[in-house]
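2 protein chains.
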Amino acid sequence: MGLYNILLFIFIALWQPTMQYILLNKFYGNYQNQLRTQNELYSGKYKYEIKTIDMPVDHFSFSVPDTFKLRYLVNNTWQIKKDAPIFFYTGNEGNIENFAQNTGFMWDIAPEFGALLIFAEHRYYGESMPYGNKSYMDLNHLGYLTSRQALADYVDLIQYVKSKPEYKYSPVIVFGGSYGGMLSAWIRMKYPHVVQGAIASSAPILQFSGVTECEAFVRIVTSDFKTAHTNCPKLIRRSWNTIINITSSDKGREWLADSWKLCQPLKNSSDVQQLMSYLEDIYINLAVVNYPYEANFLTPLPAYPVKAVCKHLTNQSLVGTELLIAIHKAINIFTNYSSETKCLNLNDSVPQLGAVGWPFQACTEMVMPICSDGINDMFKPRSWNLDRYINDCMKQYSVKPQPNLVCEQYGCKDLSTATNIVFSNGLMDPWSSGGVLQNLSSSAVAVIIPESAHHLDLRSSNANDPYSVVLARKYHRFFIKKWIQEYRDKNKIY
Amino acid sequence: MGLYNILLFIFIALWQPTMQYILLNKFYGNYQNQLRTQNELYSGKYKYEIKTIDMPVDHFSFSVPDTFKLRYLVNNTWQIKKDAPIFFYTGNEGNIENFAQNTGFMWDIAPEFGALLIFAEHRYYGESMPYGNKSYMDLNHLGYLTSRQALADYVDLIQYVKSKPEYKYSPVIVFGGSYGGMLSAWIRMKYPHVVQGAIASSAPILQFSGVTECEAFVRIVTSDFKTAHTNCPKLIRRSWNTIINITSSDKGREWLADSWKLCQPLKNSSDVQQLMSYLEDIYINLAVVNYPYEANFLTPLPAYPVKAVCKHLTNQSLVGTELLIAIHKAINIFTNYSSETKCLNLNDSVPQLGAVGWPFQACTEMVMPICSDGINDMFKPRSWNLDRYINDCMKQYSVKPQPNLVCEQYGCKDLSTATNIVFSNGLMDPWSSGGVLQNLSSSAVAVIIPESAHHLDLRSSNANDPYSVVLARKYHRFFIKKWIQEYRDKNKIY
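In order, the protein sequences belong to chains R and A. Okay, so the first sequence: first residue is 1 according to our numbering, each after it adds one. Okay, so the second sequence: first residue is 1 according to our numbering, each after it adds one.
Be aware that a few hints might be false.
Each pair may be met inside one copy or between any two copies, as identical chains are not told apart.
[As the list claims (entries may be wrong)] In silico DSSO-like cross-links for lysine-lysine, where the CA-CA straight-line distance does not exceed 30 Å: (1) Lys413 <-> Lys164; (2) Lys482 <-> Lys492; (3) Lys69 <-> Lys413; (4) Lys162 <-> Lys400; (5) Lys168 <-> Lys400; (6) Lys81 <-> Lys413; (7) Lys342 <-> Lys251; (8) Lys51 <-> Lys400; (9) Lys81 <-> Lys267; (10) Lys51 <-> Lys413; (11) Lys413 <-> Lys482; (12) Lys134 <-> Lys413; (13) Lys51 <-> Lys329; (14) Lys82 <-> Lys51; (15) Lys251 <-> Lys47; (16) Lys134 <-> Lys400; (17) Lys413 <-> Lys168; (18) Lys45 <-> Lys234; (19) Lys413 <-> Lys162; (20) Lys226 <-> Lys69; (21) Lys492 <-> Lys413.
Note that these hints are calculated values from the structure, not bench results.
From just these sequences and the hints, can you work out the full model?
Shown next as structure tokens:
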């Protein structure tokens, strides 16, 4: 169980908007188990103090007097002067320790800037539970899980730290990846007097209705597979009907369960649907974590795992059982790279960071449409059906998704007043579909990283990093320096 | 009962932070009566449709499913084209019809711009009661009276209007005076993708702890009186001890009650304190509404009423009963200009717009410190005592004031990222103490109006307007034109 095991939690959380759509009901499991699993899995390379701060459950009314302890991590090893820069990670959907361990970029550059490091946990994740083990009990308790409340938590925490004379004139730079990157961008937009600049990596702030085509996401996944081998997505696309045809008979289902070493039999078409959803998740996951170096996740993966998968899917003439045997070999890269798994358990969904809270966020604010047409992508055709989505959420949480809320609250189409934000996106990352890929203004800029998957730039430096990632980190440092200098000039701090 | 009668409601609301401090307990009266009085007093010059829109009581959580009807007024008389500019008044603490009737500037310029006019009522005021007649019952119901919820109401309403194809590319310009001006500035800062520009008149967004000296407000009041006559504030300052000395005996209290034609006797020193607070309120009120033309408020006033008052307070040698007789003549300008009042009823506090809700806002977000030293101003010395303030609020509402909340949420000291806002302030207006008096950026500018009292520039054009007010309105129109043009250029609307 190493560092990378934990990383999987982070990445998997990022697929959730997709998975949430595809597998809405899969996630509403036993959250207590999930939490336990997360905590047990943690072990870390970087060291920090763990602190808490009292937070109001509701920042926006005076009707709820409840408070809770928000957890945050602090490291002041590199802080040598008064008014040191504060590097602040805006935690996303998971245990903050995982983010601290997997945002090596902040640790890498802290010495150069003499920065104080703070990692703030997102409410309703990790150990920052507003109502303890009742937090997820019902809407009364869970309803304060919103991005706007989380931003207000971070603002309060920053103000608290800056209330100490030592940090009175400390410039604050926020960092975040994925949903954490969305929070980084938004906190700068909404509270520019509190935060001097933001590195928002792989932040799909445009992955919303009416802004981004819902097909975009799976087309990038498909493109990653096509780049690995031109026949790869064709064979995956062909496999869906092959699976349906072969599993239409008892004998076919038996054959597939046996051939793929499933732990349970495929009893009916519903089991077959579950299998296909499982496959889709795997393909998406592979594209998201398509990293340039071998990584030991919960399931260890080779460098560029999509390429490794597609090595088995090059022969254009594969059909029928031969095709399915090849598919099995391919997904083995993901499910059994270490050859330790005895059988493939479809009910054994990969432990997920945010598995508890994200489905609720996806059912309220974070309605991110994803769809596929099966023609321009390698997935089964699946339209974006908002009515069904709303129905599912109503059933699950008695809450009505608000697909326009994010764009109304934070803006999507007109972000021209944004300043001091770097939006970095890897073009291999499916989530770049909803990223900011063009400069918004002279100081809110887009950094495109052609060879990067999901927020690789926020990870610690690695010998195998492609040059475009190395370059992106140089951009980040350039802008961080500039924002700090501007702040100091304005406040006459030398 | 004329147009100006209503105006008094607006202005009096603006004194409330002061009055709230000075007379905290005076305001917690029968709010139902206040509401009735407001409604009865309304009669209008401008015409509009009255509409409502369903609003969530709580925009920032999913735990409160309640909705209510927010009232707004619409006039489309001058709208001649698709995508007409929307001039949107961000209602403050009172019945929105009063603001519509007293923001003549918007009506004056609507034809020139072909604009749609909208006036939105602030929640918990007028008829926009989230919980009907239970809205003020307790903290559970009242706690959603916050500026941030109000801004979210306005954002929702604007988005609703713009969801109609006719207004899809309508630029939105917001207007507001005093607290309404604060809301106008803040909505542009927080939602620049929704609002293209803001005219924030007499908006004391800096009248908060640690930003503005608490003495500033009363010094401007004093300066207005000094400008009228150099001896005027000296005599007012002298009068406090004179009142205390003379009323220290039964005979003296009888004399004063008789001489000033009070409706009730001055039974004890507490009654005397009430009298002095009443006087302080009058002096502040006079400075705020120190308008260049005769105005028929609840109590009719002459042009430049401060000058009229000070005509009686020029003789430096006035002392004792002679001084108090002169003070009585002076305040008669305010209390009895029409010579209809038979006796002066200290319990008859002037009907106040916002009398119900503002004390709660002042006890939560809007903690605006005001104090006097009695040396550099003409008032009784009164320190700013936050502890006492907090105690009073705790007693009254079971709520703890948050003196730093506004600056944390909206920013005070660093507003350099603000764009497309005109902050206009009259230098005769005591509230300019907390106004933005210097440009924040090239497009967030300060317009100083030397000869103006409280947001005179938002009133309809008048032959007696000083030139500086005429000029300020030209600035407003220049910027409004510019913002509309920039929006249209960006969206290619010609």
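Results of checking the hints against the structure:
When the C-alpha separation of Lys413 and Lys164 is checked against a cutoff of 30 Å, the pair qualifies only between copies, where the shortest distance is 17 Å, while the shortest distance within a copy is 39 Å. Within a single copy, Lys482 and Lys492 get their C-alpha atoms as close as 15 Å, which meets the 30 Å cut-off; across copies the closest is 34 Å, which misses it. In this assembly of identical chains, Lys69 and Lys413 lie within 30 Å of each other by CA distance solely across copies; the values are 29 Å between and 36 Å within a copy. Only between protomers do Lys162 and Lys400 lie at most 30 Å apart by alpha-carbon distance; the minimum there is 22 Å, versus 38 Å within a single protomer.
For the homomeric pair Lys168 and Lys400, the shortest alpha-carbon distance between copies (25 Å) is at most 30 Å, but the shortest distance inside one copy (42 Å) is not. For a Cα distance limit of 30 Å, the shortest separation of Lys81 from Lys413 across copies, 24 Å, qualifies, whereas the shortest one inside one copy, 41 Å, does not. Taking CA atoms no more than 30 Å apart as the test, Lys342 paired with Lys251 passes inside one copy only; the shortest distance there is 22 Å, against 104 Å between copies. For a Cα distance limit of 30 Å, the shortest separation of Lys51 from Lys400 across copies, 25 Å, qualifies, whereas the shortest one inside one copy, 35 Å, does not.
In the homo-oligomer, the alpha carbons of Lys81 and Lys267 never lie at most 30 Å apart, since the shortest distance is 66 Å inside one protomer and 64 Å across protomers. In this assembly of identical chains, Lys51 and Lys413 lie within 30 Å of each other by CA distance solely across copies; the values are 29 Å between and 38 Å within a copy. Proximity of Lys413 to Lys482 under the C-alpha cut-off of 30 Å is found in both arrangements, the shortest distances being 27 Å within a copy and 21 Å between copies. Taking the closest pair of Cα atoms, Lys134 and Lys413 never come within 30 Å of each other, the shortest separation being 38 Å inside a single copy and 40 Å across copies.
Within a single copy, Lys51 and Lys329 get their C-alpha atoms no closer than 47 Å, and across copies no closer than 65 Å, so neither meets the 30 Å cut-off. In this homomeric assembly, Lys82 and Lys51 come within 30 Å of each other (Cα to Cα) only inside a single copy, at 21 Å, whereas the closest approach across copies is 56 Å. In this homomeric assembly, Lys251 and Lys47 never come within 30 Å of each other (Cα to Cα): the closest approach is 55 Å inside a single copy and 78 Å across copies. For the identical chains of this complex, Lys134 and Lys400 are neighbours both inside a copy (21 Å) and across copies (27 Å), given an alpha-carbon limit of 30 Å.
In this homomeric assembly, Lys413 and Lys168 come within 30 Å of each other (Cα to Cα) only across copies, at 13 Å, whereas the closest approach inside a single copy is 35 Å. Taking the closest pair of Cα atoms, Lys45 and Lys234 never come within 30 Å of each other, the shortest separation being 42 Å inside a single copy and 72 Å across copies. In this assembly of identical chains, the alpha carbons of Lys413 and Lys162 lie at most 30 Å apart only when taken from different copies (14 Å versus 33 Å within one copy). Taking the shortest Cα distances, Lys226 and Lys69 never come within 30 Å of each other, neither inside one copy (47 Å) nor across copies (54 Å).
With identical chains, the CA atoms of Lys492 and Lys413 are at most 30 Å apart between copies only, with a shortest distance of 14 Å across copies and 36 Å within one.
Of the numbered hints listed earlier, those contradicted by the structure are 9, 12, 13, 15, 18, 20.
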